[in-house]
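Protein chains: 2
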Amino acid sequence: MRKKVTLKQIARELDVSISTVSKSLKDSHEISEDTRQKVQAFAKLYNYKPNNIALSLKNKKTKTIGIIIPEIVHHFFATVISGIEQVANENGYNVIVCLSDESFDKEVINMELLANGSTDGFIMSLSKETMQKKDFHHIQEVISQGMPVVMFDRVTNDVFCDKVIIDDQQAAYDAIQHFVSKGFKKIALLTTVDYVSVGKLRTDGYLKALRDNGIKINEDLIVKIEDIENCSNKIESLIQNQDFDALFAVNELFAVTSIKLANNLGKKVPDDFSVIGFTDGIISQFSTPSITTVSQNGIKMGRKAAKMLIDRLEKEEEDELYTTEIIETNLVLRESTTT
Amino acid sequence: MRKKVTLKQIARELDVSISTVSKSLKDSHEISEDTRQKVQAFAKLYNYKPNNIALSLKNKKTKTIGIIIPEIVHHFFATVISGIEQVANENGYNVIVCLSDESFDKEVINMELLANGSTDGFIMSLSKETMQKKDFHHIQEVISQGMPVVMFDRVTNDVFCDKVIIDDQQAAYDAIQHFVSKGFKKIALLTTVDYVSVGKLRTDGYLKALRDNGIKINEDLIVKIEDIENCSNKIESLIQNQDFDALFAVNELFAVTSIKLANNLGKKVPDDFSVIGFTDGIISQFSTPSITTVSQNGIKMGRKAAKMLIDRLEKEEEDELYTTEIIETNLVLRESTTT
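Quick note, the sequences are listed as chains A and B, same order.
Heads up: the first sequence is residues 1 to 339, going by full-length UniProt numbering.
Heads up: the second sequence is residues 1 to 339, going by full-length UniProt numbering.
Keep in mind that the hints were calculated from the coordinates and are not lab data.
Among the clues, some could well be false.
Partial pick of chain B residues on the chain A-facing surface, computed with a CB cut under 8 Å [claimed, not checked]:
hint, residue
1, 78
2, 113
3, 193
4, 223
5, 326
Source: prediction; values computed, not measured.
Beta carbons are placed, not taken as given, at the ideal position from N, Cα and C, and that holds for glycine.
Given the sequences, and given the hints that come with them, work out the whole structure.
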């Protein structure tokens, strides 16, 4: 039996990217005619067929769900997987997890791997590189083969499929409203650089809430962090040089880091300023003081994604209508905010 | 094409456990003759063959490694996966992860799922239930089919295969030695109940270190915790009623919980007592004070396990000699211990 050639092998042989191979096989005009011909000839020679096992097994159910996530050392993704597992088990499905490590190529390779007869459908959150490239060929391909895909958290409008998200802007807005209701007006923001879409949305929510409450935006209170490893200087400078009574951080690492640095500088949370973080992970629960946080409800998100996928897999007829479910967030009040 | 019947389906049809089906198919005398005959007849009728795809594909490499771990919302397992991913990627292998959720049945099902042509070999850590049952048929089966298995952390002597572990007893011993070298003699222990093997080994290391240093063992300073959710009373009672100057906790949740409870009771770590935890996770890094901890080197463990598996997969001849690698632990000094 001759070994099946993969996208990855074609890319390596011809010294082009996986994306180029994928687009060439679809005859995309983004790729030069010369390259397209070369790729197509090679694919023909080695009998490449896109996910050909998947095609032949279209009616053979594996009762397995493939999950592709960017990373695993991340409490949020781990809780989403737990939620997916719960619903999968309740319905007699197995779950297989692959990691993209934030790489486009690995996302494509994993998708090809799992689409080759191992799974009935996918639940996925996009890698950073895929979002930057805006290349979703691999996802569109499995969908066109009849394998449903549900995206969660990091999604794109460029692919028609079911999606589960939280309303990041509204969640941040609610956190700021909480501060305002406690009488705070000098509210600082620790956020990411703008190309991280969820960071951007949370920043937008912060700005909107301030505007809606007639609070003037003070750019000196907004700190954008590119690299969590080297953020101490920026946060220390904020704590030492600026006057604020509350701080909203767009993730829990920023929140806990600001509390630790304040401590070192002789300031106390929540006596000197209150802190609200984002993502209800174990850091927020176990830090001292424990951290008030926007809960993303990862378990609920995973459960919903699994339910949407299984519903679609078990429906007799194909349904062309896709839905986007918005999971409600809520504020978990803890010691880092005054009551 | 007729669908292949699985162990799980046979178990469900005949209303027996997966373990019973597996043993019956191997003609094990642990199972009554009546049940064995019933299972074998059913299996024959439905043309069951153990991992028959795997057998036929023995010479077809998938270049994929299957990982089976007990749970994912656990920093240690997540870091091991990262280590495996690193070495797998360096060697052109893909990685697929399945979770047993601490269930024997799920471990068996996942193994069967992945052995059906999806992977070349396995890296796994046993589920609690598998360790309690001491039933390793499913693992012996894939090994006998020529698929190598590497076990890490939670391993068993009952299966011959490559293993990667840390020396839990020695690691605990070293932590206590550190306390003794700082002049502490009243050392408390927060540990698990004895049936958790790693907890037991760490307790043994604590006891041995005390004995070797001529320190009398005080049972009042040893607290065994069954349930992390309901451990506060026991720990508070230790802090309020006992006199000790150092505390060793066999995991980071116990360590951080004792620090928080001490705080609530008006005691300060490390001024009133020093704390060393186990597992260098994000809680230890980000708690206030940050926690001195025994690092299990999950990344290193994952890298080593992946290297052992890939070496075995790429060797021309079968090697009957298995090795057990011991990963060195080290103490990461932080604020919870006096310097």
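To see whether the hints hold, each was checked on the structure:
1. Hint status for residue 78(B) relative to chain A: holds, with the closest Cβ pair at about 4 Å, below 8 Å.
2. Here the hint on residue 113(B) is kept, as its CB sits about 5 Å from the closest CB of chain A, short of 8 Å.
3. Because the beta carbon of residue 193(B) sits about 22 Å from the nearest beta carbon in chain A, more than 8 Å, this interface hint is broken.
4. The criterion of a C-beta within 8 Å of any C-beta in chain A is not met by residue 223(B), whose closest approach is roughly 19 Å, and the hint is violated.
5. The interface hint given for residue 326(B) is violated, since its Cβ lies 24 Å from the closest Cβ of chain A, which is over the 8 Å cut-off.
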